[in-house]
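Chemist: The lines below spell out each chain.
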Amino acid sequence: MLGEGIVKGLFETARNFLGSYVDKDRLVTVQYPEERHPLPEAARNFPFLLYDGDDPEAGLRCVSCHICEKECPPRCIYIEKSTDKKPDFVGKPQFYPARFDIDVSVCMSCQICVEVCPFDAIRMDKEFELSTDDRFGGLMWTKKELSKPNEYYQKIHPVEAAETDARRAEDVEKAKAKAAAAAAAKAAEVAKAAEAARADDEGAGKEPSKG
Amino acid sequence: MNPLSACLLVAAFLFCVGLAGALSRSSAILVLAGIELMLGAANLNFVAFWRYGSVAATSRVHALTGIMFVLFSIGVAAAEAAVGLALILAIYRHAKTSDVTEITELKG
Amino acid sequence: MEQELKDLKVELQKQGIFTTTLEELYNWGRKNSVWPLTFGLACCAIEMIATSMARYDIARFGAEVFRPSPRQADLMIVAGTVTKKMAPQVVRLYNQMPEPKYVIAMGACAISGGPFRDGYNVLKGIDRYVPVDVHIPGCPPRPEALLHAFMTLQKKIDAQQLRGEGRPRHLKADAPSEYPVPGYGAHNLEPMHNDDVFPPKPESPFKVLP
Amino acid sequence: MSRDLMMDATGNDERLAPTYGAGQHRLKAERESQILEVSIGPQHPSTHGVFRMDVKLDGERVVQLKPVFGYLHRNHEKIAENGSYLAAIPYTDRLDYLCSMTNNWGYTLAVETLAGITVPERAEYIRVIMAELTRFQNHAGLVGFLLQDMGASGTPLMYAFREREKILDLFEAVSGARMMCNYLRFGGVRVDCTPEWMKETRELVGVLPRFVDEFERLLRGNEILMARTQGVGVLPRELAVNAGVTGPMLRATGVNYDIRKVDRYGIYDRFKFRVPLGEHGDVYDRYMMRVLEMRESISILEQALKEIPEGPVQDPKTKLRGLRPKAGEAYGRIESPKGELGFYLISDGTMNPYRYRVRSPCLINLTILEDMCLGQSVADVVVTLGSVDIVMGEVDR
Amino acid sequence: MSAPELGAVGVDLSADALRALLVAAIEGCSVTVVENESPSGQRSLVLDHEHAVEAAIFLRDNSELRLDFCSNVTGVDWPDREVTEKVKVKKMVEGLEGATEQEVEETRKTLAPGYLEAVYHLFSMEKKHGPVILRLRTRDRAEGNHLPSLTPVWRSAEFQEREAFDLFGIVFDGHPDLRRILMWDEFADYPMRKDYVSPAEDEPVLDDGCLPGAEPGAEQGAADA
Amino acid sequence: MPDHPWRTVIALLIGAVAFGIAPLALARLWAMYFSPKKPGPNKNAIYECGLESKGDAWIQFDPAYYLYAIIFLIFDVEAIFLLPFAVAFTGLTLGAAIAMLVFLLLLVEGLIWAWQKGLLTWA
Amino acid sequence: MNVSFTMAGGLAERVDQIFVTLDHWAVAHTPGPLQWLVQILLIVVPILAVFPGLFALTTVLERKGLGRIQNRYGPNRVGPYGLLQPVADGLKALTKEDLVPRTADGVVHYLAPLVIVVTAFLVYAVLPVGRNMTAVHLNAGLLFFFAIGSATELAVFMAGWSSRNKYSLLGAMRAIAQMISYEVPLILSTIAVIMIAGTLAPEKIVLAQASYTGIFPHWYVFTPWGFAGFLLFMTAAAAETNRSPFDLPEGESEIIAGYIVEYSGFKFALFFLAEYLEIFAVSGLGITLFLGGWSAPLSFLAVIPSWIWFFAKLMVMICTFIWVRGTLPRLRMDQLMNFAWKFMLPMALVDMVCAGVWRFLPGGALWSVLRWVICTVIVVVPYVALARGLQMGKKVEQRVYRYAEEG
Amino acid sequence: MTVAFILLALITVAAAVAAMSMPRLVHCALALVVAFAGLGCIFLALGAEFVGLAQLLVYVGAVAILIVFAILLTRGSEISMRPGARSAFSGTVIALAVFAVLAHAVMTSRVSRIATTVAPPSNRVQEIGVELLHQYVLPLEVIGLLLTAVLIGAVILAWREKPAAEQEGARTR
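Protein chains in written order, with our numbering: chain Y, 4 to 214; chain B, 29 to 136; chain Z, 4 to 213; chain U, 11 to 407; chain P, 5 to 229; chain X, 14 to 136; chain H, 15 to 421; chain E, 16 to 188.
Check the hints yourself; a few may be wrong.
Stated by the list, open to error - Lysine-lysine pairs mimicking DSBU-like chemistry, simulated, CA-CA at most 35 Å apart:
| no. | chain 1 | residue 1 | chain 2 | residue 2 |
| --- | --- | --- | --- | --- |
| 1 | Z | Lys159 | X | Lys50 |
| 2 | Y | Lys95 | U | Lys327 |
| 3 | U | Lys329 | Y | Lys177 |
| 4 | U | Lys271 | U | Lys329 |
| 5 | Y | Lys151 | U | Lys329 |
| 6 | Y | Lys95 | Y | Lys177 |
Said to hold, decoys possible - Listed next, with one range per pair, are the computed distances between beta-carbon atoms:
| no. | chain 1 | residue 1 | chain 2 | residue 2 | range |
| --- | --- | --- | --- | --- | --- |
| 7 | Y | Asp28 | Z | Asp198 | 51 to 61 Å |
| 8 | U | Glu213 | Z | Asp198 | 49 to 59 Å |
| 9 | U | Thr360 | Y | Ala169 | 49 to 59 Å |
| 10 | H | His38 | E | Val28 | 38 to 48 Å |
| 11 | H | Arg413 | U | Pro219 | 15 to 25 Å |
| 12 | P | Thr88 | Y | Lys158 | 55 to 65 Å |
| 13 | P | Thr88 | Z | Ala189 | 33 to 43 Å |
| 14 | Y | Glu37 | U | Pro219 | 28 to 38 Å |
These aren't lab readings, by the way, just hints derived from the structure by calculation.
None of the values given here were measured: they were computed from a predicted structure.
We put the beta carbon where it would ideally sit given N, CA and C, even for glycine.
Chain Y on its own, in the form it takes in the complex (with noise of 0.2 Å):
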């Protein structure tokens, strides 16, 4: 109680006062506009829709089942689904939004969209840097704020993107797999039908014509 405590208390301050101009770990600021804190792969901020291609309307993923806007639990997605149906990456004519909304002033940043996804359609986007002094307008996303190729999926989550487009190479493979199956039954069936037809033909070729 004769004010050592206090002495040693200021040595350990000085040591981080001097420290602070020879050791990295005593000064930690990263001088933020300037550097950066690199963001680890499975960061996330808000979502963004994925599309393959180069159009964002003809490759967009969502097929606008409601399931994010469902299980959102803030409720914060909107969706209209579209009238028509398109082709998606497997050929499948599919619904898609004919609008998408994420309301980010009221997103939570929970990540149970992408969780729920069973499209791939919807991932989590790192971009922090969204201050605007516009209420309304700014933090209403639609569609064309939401749209997002592929590539700059590939360019902020490489290894979750890789899994995915391998899960979905692997999945249009054996689409075509089945499809080339399928076109080969067809064709077989075809080459089949033409073989009875030929058959019939032949058939009928030794039958007499009908007039």
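Chain Y is already provided as a structure; the job is to place chains B, Z, U, P, X, H and E on it using the hints.
Modeler: Then chains B, Z, U, P, X, H and E, alone, in the frame of chain Y:
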């Protein structure tokens, strides 16, 4: 008017202001403040006489008498203020007022 | 005195350069000395604190002087959910700040009620009662996002004019500097919003349904 | 019979809670100086959010203190009752916004109890690692805030946040968010930790003791700290138990009650760790409990990181979306850094919980705030409140 | 996780055992056991109003039980609900052979009156066992919303009972300081009740009619339509 | 006018007052010319953590403050006597020093009395 | 060699006296009737310019220094190295709306910052900032310092009372109680120095310390009573100026901002300014009394101008204040008062006695060692006794904790 | 008779009048402080350096605080005292009469005619100290005794007796 009498006049006026306050204000604290003012005025007289009094030049021994008086007077006045105000506090605690017109009896 | 001031005005208008320099100086001083009010509401407050901590160090911008009294603060960072019970206090604190004052709505809750928007005690955005300068979406926004918003605010201050119609609210004599404090009602706050500030712009495509 | 008991609720029946109403007694005492009524909060630098205390002061001494809540009442329970079981998880993050991981755990534990879900072993280990990291950063932050309340111009807080940032980096790397991790799921955790992450965590756990040492050098033995905290905000043991105080605050009074040991939830019975106990129940003890628990957390982390097995991290049978537990109810509780965090769920067989209730340690630990603060100065109130460790998100929910 | 109803060795904390204990110890005490079908198996005891405090003191002070720690107190709202039950009724049935008495299944709808409930979760810090769950039920959801307060027994119930009062409107008789705790004093409703409707809010609306902040139901309905 | 040291002090006084008033005047000028003052009932109310202030701040205080003020006053007066003694100390005899010590001890006695009575303990 | 040294000495002296010479030169070159004005201006203006400038510098230094202690940079964006930060702050404060609470006492509210600034400036009149560089030569300079300084308490009261805010009044009462309690040890700890130096004039006290034994100076801090007195003085000074760990009146975490809660705009800045000016002044006085004022720490360093030494020492003191602020938590009111009355005051009295003993013990070769020992004992024994006595009855200690039994 | 003296005298007198006539007690106290400070400055102007500064130190620093505290402790600050409440008229009249007598005495007395020395007599602090410890040792000790007595007396007067238990606690703390 020579400086000495000017000082004395100011002191007299201060004294009377203090006196008027002490006599006319109903707040006991201000009464005390008036008394302090009167003491201050007396101190001014001491200093004035020390400064301009004729004895000062002649005798070294008594050159500081005025100063000394003021010094002691300040001490006594401060002591008086402390006790006076403490008294007011004590009365206030008893009578719940510091208005001298309302403090009519002092007991216990 | 009155006449003198008028003369000064004329003289100053003649010297356009002077006013410009003054404006620059004024804006420079304001933007580099934004002292926030020590005022955290919820989760975002922790990120606000983190912003002032060593890793992000808002002090680099001269804004680490968190003043606990609104009288000495310039910036109110509404960091977190404003509940209906808290809203009158927030508005009152805003009112008690001297001009020029700025508001950053940090995080989803402060902007719109965010994830808690459906709650019966949650205010759907502080901009219903006070004008907000910068909104930061996010739940909670990263400290960098707050720094970014801070720089956005600095840019906004920098662009403000000292004279003319485009000058900011606090320089206009007739623009209000305090807004009515909502009262507690039996079911809700009364009134539910302040017409002067909500929706924010007259030309905004939004209108308020009763 | 019971009516009589109720009439006597102010303390005549010795079987009843003993200390209630101490404040009123004090107030009745004849005071000479006037009582100053001050409200501390809701906007106040050291109420840790939007807490408010209506304080009556006699000079600097507190003669009455009424906590006022609700300034952050975000209707968490109502919102969760209107959403699915899954949708409640991100909301639990925002309860005690410093410890999202343990909140997740408390909730998932309750759901797992309610629906009879099992958790894979690796996920249990990951949960322990996350919980102890959370505990560490919470305690470090708390000690920093406590010192801040004592007027230490931020230095201890800055050091604490320096370490906290490192832990948050880990959280972000695995869950994607710094604070609102939303990481645990009933039946496991959302994603597995990568080997790099494990490596980084081991490295960090290796250096965390250095931080505790630094902290101790900075403050251990500091005369001002000791004088400010010893004998301040004393909480008697019986009152603590009766008032349901839990967590480090309870253990500071000397009661050995750590739910990690009592319930052995998760896999806590596999780890060797000690439960520090206080003696006096004052602010200093509470402060030291946190410091000592930080060291224990490090020890648990070391063990968990060493023993963690490979395997799945999510029970494949568990239905995350659209979980419909059988009608019934369950109460699940864990030892959160602040105390007993309990979740009480009633299911009526639908997708939404019929009743969802959070037993928040912060709120209940505040019950005895007035008892601890009476007769002390405002400065002590601030320090005592700081040592309770409240987070308004959890107090008001 | 260990089975929740099995505490320290030797003490039977099952609902039935406790019921027997309470009925034996307190004269005239009526205790019912509420079953719990879920995997948690946490069953609870419903106490009657008159003996609740006495029973609570017994549970707290009994040297075997020592349930000194009241962890969780909460309200639950059970509104009036329609109970549909199938009853076999003898009825004259017009048959082909004329009217005959037959047993006919008929669904009868009765209105089960709603009530409010306070649930207490008790543990023991000394014996380290628990939980024991107590329930108190009000007569109805309107005037009869009174319950005896257990705050005098367990101080920890103080704020939680206040909260139940605030959010559910359960009045706890004997509570030392029963005021609203979370909502402001002027607030008139009990928001956690199932039939509470949030007040209408003024919402900003885009010109094209889309409500950015509107309830998703409406939106969804529109989308579905 | 003789070269008086107080003249400088007075000049410094005037300078300091000017130093204080100048920016306040400048600020007022700025407010008049550019940024109008906008008082309001809410804005100019007493600040109390965001709530409306209840009760007056000008209340009666604890007498403990007064006790300290008394002791302070006594020691302040004591300092007045100590200072000339200290200045003259180098030329003083041991006897004079002891006389001062007696004076000091008298006051210390008062201090010890107060200490014993628990007066120096802030309530 | 010899010549160059004297030349260097001459040069050093000329640099040392450069301001004095300039002053004389300027006065000599003004017309007679205006000479007195110039003379005064040359004293007043530098004080009004240098110390506020130092204040500006110190605010940045403090913020940056605290930053470094806390592992961060601190202000570094506004101007080079963030040095223009105070300019921006000043401009902001100048253009900020000035709010006076409706129920406040307007006149007193307005006067309080003025009074506090004026008193803060006035005390610089007697501070010797260099050889022959004292603004006013007063016979009773030290007394002047304390007499003027004591008006601060009144200003604080005016600020706190006039705001009519509970926090500000509480803060003001705290501030006054604290200031009066620490003023006593502050004055008493200087008395030891006065006893030895035999004068109340600060410049003479400096001169008394400005000689050297070998290369070592005769600073009072290098005596047992001087060292104790110095610590006492600086501790009391920290309390007088409300610096950490005695910053209770502004105890942010308890009473918001204390007596300045209701002040905004430049009035608030004035309080800030005055607080720092007081710190400089009282640190300057501490330097004057114990650290040899403007004299060089080693004899051969005397070539460096005296005013540089003064300001260098001042900077060291300021840095120490910042360092302490970055480390220590705040005391509580009762502890603060106890510390003042039960530790500081008795120690100051003991220190006085010690100085008396020092003077009356003979100074021979053996005796000087013995004198050291005796005086050290006189200071250390009460120090230990009082430090132990402070925690009388209330055991304050490092505790050892037990752990729960396993199982 | 200098400008400084006249100014100071005016300030002092004005402040004294204000102190005795303002309605709000705190204002009175502040004006009183100004009056005391003015008085101290008059001492300084008269060449009595030490005494003037001592006056400032004791009155501005200590007595003022004491008065301010007394006002706050008696809830006086909010009571607006009517200046003319208590025999204001007669008090003023008496004071004026006294002033008239005093002024007459001063003006007619011998002192107004004596020659005044130009330079102030020496009053170096050291001399005061020497004088104090030689010529005035006895008064010094008496003052010491008085101060101690005042300390004890005033404290007892102002001290609210605490309940015994509390006092016990206070001592052991």
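Chemist: Just pull the numbers of the violated hints for me, sorted ascending.
Modeler: 9
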